[in-house]
Amino acid sequence: MAINYKDLSDEELLYGAKTCPGCGAPIAVRLALKILGARTFVCVTASCLGATTTVYPQTSFFVNNAIAAFPATASTIAGMSAAVEMQGLEDVTILGIAGDGGTADIGLQALSGLCERNDNVIFICYDNEAYMNTGIQRSSATPYGAWTTTSPVNETGTAKGETRIRKNLFDIVSAHRVPYCATASTSYPRDFMEKIAKAKNLKGTKFVHVHAPCPTGWGYPSEKTIEYGRLAVETGLWYLAEYENGKVTLNLAPKVFKPVESYLAPQRRFRHLKEEDFKVIEKQRDEEWALLKAKAAS
Amino acid sequence: MFHQGKNLFLSGNEAAAEGVRLCRPQVIAAYPITPQTTLVEKLSEFVANREFPCKYLLVESEHSAMAATMGAAMIGCRVFTATSSQGLLYMCEMLSYVSGSRYPVVLANANRSTATPWNIFGDQRDSVAMRDSGWIQFYTESGQESLDTIIQAYKVAEHPEVSTPVMVNIDGFTLTHTYDLVNIPSQEEVEKFLPPLKTTNKFSLEAPKSLSFTIGPDFHLESRYQQQKAFHAAEDVIARVDDEFAGIFGRKYHGMVEQYRCDDAEHILTVMGSTAGTTRIVVDKLRAAGKKVGMIKVRCLRPFPKKFFAGLGGSCKALGVLDRNISFGYEGALYTEVRAAMLKPGASIRTLNFIAGLGGADISKADLELMFEKLGGIASGQESGQKEFGQEEQEHQYIGLRWS
Amino acid sequence: MKPHLNKDFRFPTNEREMLFGSGGDTGNLTAVNSGWRTFRPVIDHGKCIRCLFCWTYCPDGVIGKEDTELTIDYDYCKGCGICANECPKQAISMIKEEK
Numbered sequence: 001m002a003i004n005y006k007d008l009s010d011e012e013l014l015y016g017a018k019t020c021p022g023c024g025a026p027i028a029v030r031l032a033l034k035i036l037g038a039r040t041f042v043c044v045t046a047s048c049l050g051a052t053t054t055v056y057p058q059t060s061f062f063v064n065n066a067i068a069a070f071p072a073t074a075s076t077i078a079g080m081s082a083a084v085e086m087q088g089l090e091d092v093t094i095l096g097i098a099g100d101g102g103t104a105d106i107g108l109q110a111l112s113g114l115c116e117r118n119d120n121v122i123f124i125c126y127d128n129e130a131y132m133n134t135g136i137q138r139s140s141a142t143p144y145g146a147w148t149t150t151s152p153v154n155e156t157g158t159a160k161g162e163t164r165i166r167k168n169l170f171d172i173v174s175a176h177r178v179p180y181c182a183t184a185s186t187s188y189p190r191d192f193m194e195k196i197a198k199a200k201n202l203k204g205t206k207f208v209h210v211h212a213p214c215p216t217g218w219g220y221p222s223e224k225t226i227e228y229g230r231l232a233v234e235t236g237l238w239y240l241a242e243y244e245n246g247k248v249t250l251n252l253a254p255k256v257f258k259p260v261e262s263y264l265a266p267q268r269r270f271r272h273l274k275e276e277d278f279k280v281i282e283k284q285r286d287e288e289w290a291l292l293k294a295k296a297a298s
Numbered sequence: 001m002f003h004q005g006k007n008l009f010l011s012g013n014e015a016a017a018e019g020v021r022l023c024r025p026q027v028i029a030a031y032p033i034t035p036q037t038t039l040v041e042k043l044s045e046f047v048a049n050r051e052f053p054c055k056y057l058l059v060e061s062e063h064s065a066m067a068a069t070m071g072a073a074m075i076g077c078r079v080f081t082a083t084s085s086q087g088l089l090y091m092c093e094m095l096s097y098v099s100g101s102r103y104p105v106v107l108a109n110a111n112r113s114t115a116t117p118w119n120i121f122g123d124q125r126d127s128v129a130m131r132d133s134g135w136i137q138f139y140t141e142s143g144q145e146s147l148d149t150i151i152q153a154y155k156v157a158e159h160p161e162v163s164t165p166v167m168v169n170i171d172g173f174t175l176t177h178t179y180d181l182v183n184i185p186s187q188e189e190v191e192k193f194l195p196p197l198k199t200t201n202k203f204s205l206e207a208p209k210s211l212s213f214t215i216g217p218d219f220h221l222e223s224r225y226q227q228q229k230a231f232h233a234a235e236d237v238i239a240r241v242d243d244e245f246a247g248i249f250g251r252k253y254h255g256m257v258e259q260y261r262c263d264d265a266e267h268i269l270t271v272m273g274s275t276a277g278t279t280r281i282v283v284d285k286l287r288a289a290g291k292k293v294g295m296i297k298v299r300c301l302r303p304f305p306k307k308f309f310a311g312l313g314g315s316c317k318a319l320g321v322l323d324r325n326i327s328f329g330y331e332g333a334l335y336t337e338v339r340a341a342m343l344k345p346g347a348s349i350r351t352l353n354f355i356a357g358l359g360g361a362d363i364s365k366a367d368l369e370l371m372f373e374k375l376g377g378i379a380s381g382q383e384s385g386q387k388e389f390g391q392e393e394q395e396h397q398y399i400g401l402r403w404s
Numbered sequence: 001m002k003p004h005l006n007k008d009f010r011f012p013t014n015e016r017e018m019l020f021g022s023g024g025d026t027g028n029l030t031a032v033n034s035g036w037r038t039f040r041p042v043i044d045h046g047k048c049i050r051c052l053f054c055w056t057y058c059p060d061g062v063i064g065k066e067d068t069e070l071t072i073d074y075d076y077c078k079g080c081g082i083c084a085n086e087c088p089k090q091a092i093s094m095i096k097e098e099k
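Residue numbers (our numbering), protein chains in the order written: chain U, 1 to 298; chain P, 1 to 404; chain E, 1 to 99.
Worth flagging that the hints you see were computed from the coordinates, not collected in a lab. One or more of the hints may lead you astray.
Unchecked claim - If you anchor each label on the Cβ, the simulated ranges turn out as follows:
id	chain 1	residue 1	chain 2	residue 2	range
1	E	Leu5	P	Tyr225	50 to 60 Å
2	E	Lys96	P	Leu205	39 to 49 Å
3	P	Glu191	U	Ala175	16 to 26 Å
4	P	Gly216	U	Thr149	47 to 57 Å
5	U	Gln137	P	Thr214	55 to 65 Å
6	P	Gly216	E	Leu5	51 to 61 Å
As the list claims (entries may be wrong) - In silico contact screen, one side only, chain E against chain U (beta carbon under 7 Å); selected entries:
id	residue
7	Gly27
8	Tyr76
9	Pro88
10	Gln90
Each residue gets a CB set at the ideal place from its N, CA and C atoms; glycine is no exception.
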């Protein structure tokens with residue numbers, strides 16, 4: 001489905017949320033709802049998005065929505081999907097939304113169950129690379145080197161931020177052989193919305209992992225959200241890919257990556273990184289891309 | 001529908017499954033755990049054989065089982081799940097989630113001890129630990145009562161003034177795995193008693209809803225007060241539902257609490273769950289021997305039959321409370337509840353707490369007779385005025401303890 | 001039309017008006033976000049080519065495209081500046097709010 005901004009509805013199904021200025025999460029959600037429309041049942045986990053949209057008396061979703069317990073987005077939408085089927089509700093989309101912690105950490109078991117059963121839902125993981133709602137703690141999606149309040153940095157050098165590479169959700173979900181799994185970025189809205197449109201028209205569990213930069217947690221000015229999201233892709237530290245019918249497709253493969261410093265150095269969470277750290281990150285990136293390209297080629 | 005309106009020889013779990021079948025939940029999500037397994041196996045057979053239209057979700061954990069039933073309840077489906085012990089504890093987060101959102105979920109819990117030490121056998125430490133989860137709690141005495149209580153549970157849970165989830169507790173192995181003749185009501189009669197679920201507390205394409213949201217300090221008390229009022233309303237609803245049930249099916253369970261031969265009883269033992277069955281026999285035997293004994297069977301731990309215990313008096317001189325649980329650092333949980341309800345100036349009933357049947361230990365007729373004997377002892381001690389409480393009997397008795 | 005502040009909203013004053021359980025209406029906006037703003041985006045319609053990048057990227061969806069000229073809902077704009085940063089024609093300026 002080719003997306004033309006001019007044809008999209010001006011109707012907002014998410015509005016007035018108390019997200020920080022420049023937050024990437026509502027970009028992903030409002031654009032997804034542009035595609036999915038008013039007949040969408042939304043289930044958001046306990047997260048920034050939950051905490052900023054549904055605090056009585058204000059409710060910012062204009063479609064049916066519920067907040068799930070932190071580990072339970074996937075299981076709650078599984079029940080919703082069964083109910084929609086049993087009640088014979090036509091053309092209703094069940095949309096689960098969770099952050100990286102609610103997906104890759106505490107929500108992973110239920111997500112695995114969902115994918116294995118292939119319940120008919122769309123699951124969006126908006127990834128801001130840490131537990132932002134509780135105040136920037138490290139998640140398993142926090143990238144190597146990143147400072148968070150629980151992956152601190154000190155002057156003696158015994159603490160250098162996050163020490164592990166991030167968990168690869170795209171691989172984990174696609175290993176369940178779901179009908180559709182994709183990565184996306186809020187900085188590439190056309191690509192993201194095309195993926196949501198594709199997911200809407202498929203039966204079974206569809207998973208879209210969207211990179212959604214966080215000015216507060218990453219430490220950059222609020223107007224730079226789209227810019228940093230784009231730089232993540234251009235430096236090869238994030239990627240746009242799809243898994244469908246057992247095949248991996250790369251939607252965008254930069255011929256030459258921009259230097260990782262251009263993305264990392266201006267962010268407060270990476271400002272302790274040194275030249276040798278950038279080299280480590282570049283090596284990790286190249287290894288990851290070698291695997292990714294091999295998968296895409298097979 | 002070969003076994004409707006029939007008497008069948010069934011285990012407690014099978015009887016409960018028949019009860020669920022008759023209520024026709026549209027979505028079931030469950031995860032296996034001993035001793036609940038034969039219940040969900042039976043249900044999966046029913047669904048596979050299309051005995052009623054239902055989607056059975058094979059979830060990967062109890063937490064997900066409760067979350068998935070909640071997700072379906074959010075869309076207005078009648079739902080069911082079952083668990084036990086560690087599984088109930090694993091659901092803990094979702095239990096208060098469901099009750100605060102007021103979804104009429106029904107859960108069967110096969111009562112079992114909680115690890116550690118590991119033990120798969122029956123006691124009530126699991127559900128008693130979940131006492132404050134905001135669920136109505138029933139405890140059953142037999143397979144028949146388990147079946148009937150499941151049907152009543154939906155009627156209570158779905159009552160608009162209640163709108164609160166219900167947990168039906170069935171003693172692990174003692175009931176779940178023992179066989180008895182069970183009457184299976186007909187589908188028509190059950191449908192007459194239990195019409196399809198009607199609720200506005202759900203998603204709607206016509207009137208969209210925002211569910212399970214945050215209520216901060218400003219209106220939180222009002223919200224919790226509403227829940228408390230629902231439990232107060234449930235007290236009457238439970239009694240009325242039981243009466244209506246008796247009118248249709250001819251079986252009556254006396255609402256939240258039953259008195260057995262208590263009219264002129266001086267020594268009364270309070271029990272909860274399957275032990276009531278054995279206690280009836282012991283009461284009959286002691287009555288035949290001229291002893292003025294009786295039994296109180298607590299059917300609901302929540303709402304708690306506070307008014308009943310507050311009004312206890314008359315002939316009763318000594319009241320025992322048998323707990324198949326223990327709240328470490330205090331005493332049996334039911335004992336605390338009963339004593340608190342009885343507190344009033346000048347109360348003259350002496351009480352004893354019997355801790356027994358933990359981890360599946362048998363509670364024999366002899367044990368129960370011993371309990372009545374001890375009640376008789378403290379009652380006479382009180383009468384003679386010679387013995388202070390605690391001299392001749394410890395307030396808390398551990399029945400069958402090898403040493404102390 | 002963008003959603004707007006529910007000016008008629010009143011907190012419940014008795015039990016009957018109290019919301020049930022932990023659920024209620026969707027899309028009930030009881031507070032504006034304009035107070036968060038330090039800078040306000042202002043569109044130079046002479047420069048605007050209606051590429052709709054601002055409309056697409058706006059996290060709060062406050063840019064309207066139903067009129068001949070793009071509009072901004074200043075009740076809900078937080079002044080993040082993404083629109084100005086992403087505008088390929090530099091048609092949006094961020095102007096300091098007068099307090």
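Each hint, compared with the structure:
no.: 1; hint: E:Leu5 with P:Tyr225: 50 to 60 Å; result: violated, 29 Å
no.: 2; hint: E:Lys96 with P:Leu205: 39 to 49 Å; result: holds, 45 Å
no.: 3; hint: P:Glu191 with U:Ala175: 16 to 26 Å; result: violated, 45 Å
no.: 4; hint: P:Gly216 with U:Thr149: 47 to 57 Å; result: violated, 24 Å
no.: 5; hint: U:Gln137 with P:Thr214: 55 to 65 Å; result: violated, 20 Å
no.: 6; hint: P:Gly216 with E:Leu5: 51 to 61 Å; result: violated, 20 Å
no.: 7; hint: Gly27; result: holds, 4 Å
no.: 8; hint: Tyr76; result: holds, 5 Å
no.: 9; hint: Pro88; result: violated, 12 Å
no.: 10; hint: Gln90; result: violated, 13 Å
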